[in-house]
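Engineer: Listed here are the chains, written in short residue letters.
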Amino acid sequence: MRAGAAAAVCRYLGIRLGQALIALFGVTTAVFFALRLSGDPAQLLAPQGASQADIAALRHQLGLDAPVWRQYLDYLGNLLHGDLGYSYVQHEPALTLITQRIPYTVNLALAALVLSAVLGVGAGMVMALNRGRWPERVLTPLVLVGQAMPAFWTGILLILVFSVTFNLLPSTGFNGFDSLILPAVTLASLSAATIARMTRGAVLEQLDRDYIRTARSKGAGTARLVTRHLARNISIPILTVLALEVANLLGGSVVTELIFAWPGIGQLTVQSVDGRDFPLIQAIVLLAAVVYIAVNFVTDIAYAVLDPRVTTTGKAAGP
Amino acid sequence: MNDMLLDVRDLRVSFGPGKDAVTGLTLRARRGETVALVGESGCGKTLSALALAGLQPREAAVSGSAELGGVQLLGRTERQLRRIRGNLVSMVFQDASTALNPLMTVGAQIEEVMAIHGTHDRRARRKRSVELLAAVGVPDAANRARSHPHQLSGGMRQRVMIAIALAGSPDLVIADEPTTALDVTVQAQVLALLRESTRDAAVLFITHDMGVVAEIADQVVVMYAGTVVESGPIAEVLERPHHPYTAALLASVPDPDVPQAGELPTIPGRVPPLGERDAGCPFRDRCPKSQDRCRERPPLGPVAGGESAVACWYPEHGEGSSRTVEEATR
Ligand SMILES: Nc1ncnc2c1ncn2[C@@H]1O[C@H](COP(=O)(O)OP(=O)(O)OP(=O)(O)O)[C@@H](O)[C@H]1O
Ligand code: SF4
Ligand SMILES: [Mg+2]
Numbered sequence: 001m002r003a004g005a006a007a008a009v010c011r012y013l014g015i016r017l018g019q020a021l022i023a024l025f026g027v028t029t030a031v032f033f034a035l036r037l038s039g040d041p042a043q044l045l046a047p048q049g050a051s052q053a054d055i056a057a058l059r060h061q062l063g064l065d066a067p068v069w070r071q072y073l074d075y076l077g078n079l080l081h082g083d084l085g086y087s088y089v090q091h092e093p094a095l096t097l098i099t100q101r102i103p104y105t106v107n108l109a110l111a112a113l114v115l116s117a118v119l120g121v122g123a124g125m126v127m128a129l130n131r132g133r134w135p136e137r138v139l140t141p142l143v144l145v146g147q148a149m150p151a152f153w154t155g156i157l158l159i160l161v162f163s164v165t166f167n168l169l170p171s172t173g174f175n176g177f178d179s180l181i182l183p184a185v186t187l188a189s190l191s192a193a194t195i196a197r198m199t200r201g202a203v204l205e206q207l208d209r210d211y212i213r214t215a216r217s218k219g220a221g222t223a224r225l226v227t228r229h230l231a232r233n234i235s236i237p238i239l240t241v242l243a244l245e246v247a248n249l250l251g252g253s254v255v256t257e258l259i260f261a262w263p264g265i266g267q268l269t270v271q272s273v274d275g276r277d278f279p280l281i282q283a284i285v286l287l288a289a290v291v292y293i294a295v296n297f298v299t300d301i302a303y304a305v306l307d308p309r310v311t312t313t314g315k316a317a318g319p
Numbered sequence: 001m002n003d004m005l006l007d008v009r010d011l012r013v014s015f016g017p018g019k020d021a022v023t024g025l026t027l028r029a030r031r032g033e034t035v036a037l038v039g040e041s042g043c044g045k046t047l048s049a050l051a052l053a054g055l056q057p058r059e060a061a062v063s064g065s066a067e068l069g070g071v072q073l074l075g076r077t078e079r080q081l082r083r084i085r086g087n088l089v090s091m092v093f094q095d096a097s098t099a100l101n102p103l104m105t106v107g108a109q110i111e112e113v114m115a116i117h118g119t120h121d122r123r124a125r126r127k128r129s130v131e132l133l134a135a136v137g138v139p140d141a142a143n144r145a146r147s148h149p150h151q152l153s154g155g156m157r158q159r160v161m162i163a164i165a166l167a168g169s170p171d172l173v174i175a176d177e178p179t180t181a182l183d184v185t186v187q188a189q190v191l192a193l194l195r196e197s198t199r200d201a202a203v204l205f206i207t208h209d210m211g212v213v214a215e216i217a218d219q220v221v222v223m224y225a226g227t228v229v230e231s232g233p234i235a236e237v238l239e240r241p242h243h244p245y246t247a248a249l250l251a252s253v254p255d256p257d258v259p260q261a262g263e264l265p266t267i268p269g270r271v272p273p274l275g276e277r278d279a280g281c282p283f284r285d286r287c288p289k290s291q292d293r294c295r296e297r298p299p300l301g302p303v304a305g306g307e308s309a310v311a312c313w314y315p316e317h318g319e320g321s322s323r324t325v326e327e328a329t330r
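Chains as they are written, first to last, in full-length UniProt numbering: chain A, 1 to 319; chain B, 1 to 330.
The set of hints was computed from the structure by calculation and includes no laboratory data.
Keep in mind it's a predicted model, so treat the numbers as computed, not measured.
Just so it is clear, CB atoms sit at the ideal spot from N, CA and C, and this is done for glycine as well.
Simulated coverage check for chain B against chain A, where a stretch passes if three residues somewhere in it have a Cβ under 8 Å from a Cβ of chain A:
| id | stretch |
| --- | --- |
| 1 | 90-97 |
| 2 | 111-125 |
Taking CB as the label site, the calculated pair distances span:
| id | chain 1 | residue 1 | chain 2 | residue 2 | range |
| --- | --- | --- | --- | --- | --- |
| 3 | B | 134 | A | 133 | 43 to 49 Å |
| 4 | A | 8 | B | 30 | 51 to 57 Å |
| 5 | B | 214 | A | 4 | 46 to 52 Å |
| 6 | B | 134 | A | 9 | 31 to 37 Å |
| 7 | A | 22 | B | 180 | 46 to 52 Å |
| 8 | A | 99 | B | 140 | 54 to 60 Å |
| 9 | A | 173 | B | 121 | 55 to 61 Å |
| 10 | A | 9 | B | 270 | 51 to 57 Å |
| 11 | B | 151 | A | 22 | 33 to 39 Å |
Just need the whole structure built from these sequences, with the hints factored in.
Structural biologist: As structure tokens, this is what we get:
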């Protein structure tokens, strides 16, 4: 039994690793070729008024004059050695550039994730447990507004109110905790609204279940229903939403970092796209894919931990 | 006369004007007695049961009286109900595969009743929950207590439901079609268990199966379209049904001693839905004996020469609310 279970877990991990490698391969390949179709970096990099010969020399220097399949094989070969390439523009290894920026984006994204999870789950629970009463009537329009406002709009509004009008919080750059507040709130608002809506739905759906009626027939009050019965049962749908929101937060951080001049990956992404900095773009996309796959993997593990019906082979056990 | 443990009088449940789902349920039970509440789907059985525990839907209005050992169950605040539920009144639901929390061990779900009603010693709760599991016939109870519901068979899950219902030593156990989801052999075992384990309580047993009624009940209450059409001791109702609806229900039960040729007789027509009930006898569209007088609602009255009560102008097998002894014996 024990040995069988261990073998099953190993098999499962092996399969997941294989899937992850295939996904990474697909993403890097797609991005590599899409970039080569998008335009010529040498044109952009060459100084104003450079001759065709200069541009051709530059193209040769960047290795862009080789056949595409040749470039691709070189790229894959380097990748296997852990070499993500050199930035065309900043003349530094792409890996170095990225690692310098990572802490800022991680700070911002984590702060936004925690903020949106706490606000979203809290608001969703309050709305569901007070259906038709004033707490729901107050929160519903807030959630709607949160969902309707794009990040650039929220961000500019927050800057206008808290930085320009009242001068309470800094609006740009990174210096200390204060400067994290506005970007984190901006980034979190959309996710918080989404999480609130999904949480409300999940709680209402669970409240209708028979096991809740059974718990009430035992004499359980609201506090016990929420902590002992609902919490665990809604943790699974909520986890699913949170995993999706991580991807949205990474995407949203590009806009947010631009608005607040936040020195993270998002800003680096915009710079690299502006400059057709192929190696840097490729490295960032690879990083995003790895993060995305890792989040999904952790989510699956969490499912198995939370729900005894889920086995590591991904199938729910029969009744 | 007041050796009655459960005394329900004129229980009514309404979803608004013209939407009266239960219009006067009256029933009584002594300690150790099982009252079967019988009737077709949609006649208000579940709603009546939920109302007794204060678990009716929010939009439902409940009136009438239901006393359990002198304690009024109806019209209580949620706070008071929490003391009553699980402790004085407990429930066994139909489908244990959905009625149990899928993410909680069955032991914890039994212990919860005790935790809510004041057993603060965790080890005492654990010990008692294992005892209860063993008592309801779950083998290897100490280990089974740590199982989740999906790891048990349907019959074992229903035994767990019963253990939960017994955990607070209640005075009233309400079982709403507790064996409908089970296959026949398991059904017989669970019925036997319910009968044995509820000697100290009154049991309200809901079913639409007259065969099950014969096995478990002391008293029978037959409901039709939200109202009682006949009630009485089991032997009398089964052998001499007075209401045409009861007679039709009994005719549709297969007799195990008689080999069945062809289809069982079923009752043609359907129960009038909520909005379509009028002031007449609710059964008259389907009743073979219906006459002009049936446009008036027959009251529930005692039958002469028996202990039953029936609501019919022209009852079968003798006396009803309208005929005299002479008419019947003519
Ligand atoms: N929330 C509700 N709103 C309106 N009507 C309802 C509601 N719940 C139940 N009813 C109605 O009340 C009536 C009685 O329903 P109930 O569930 O008590 O029937 P039942 O006798 O238990 O039937 P079954 O054998 O199918 O379980 C039905 O006609 C149903 O449509
Ligand atoms: S009152 Fe009339 S319609 Fe109703 S059951 Fe009796 S005979 Fe049939
Ligand atoms: Mg029912």
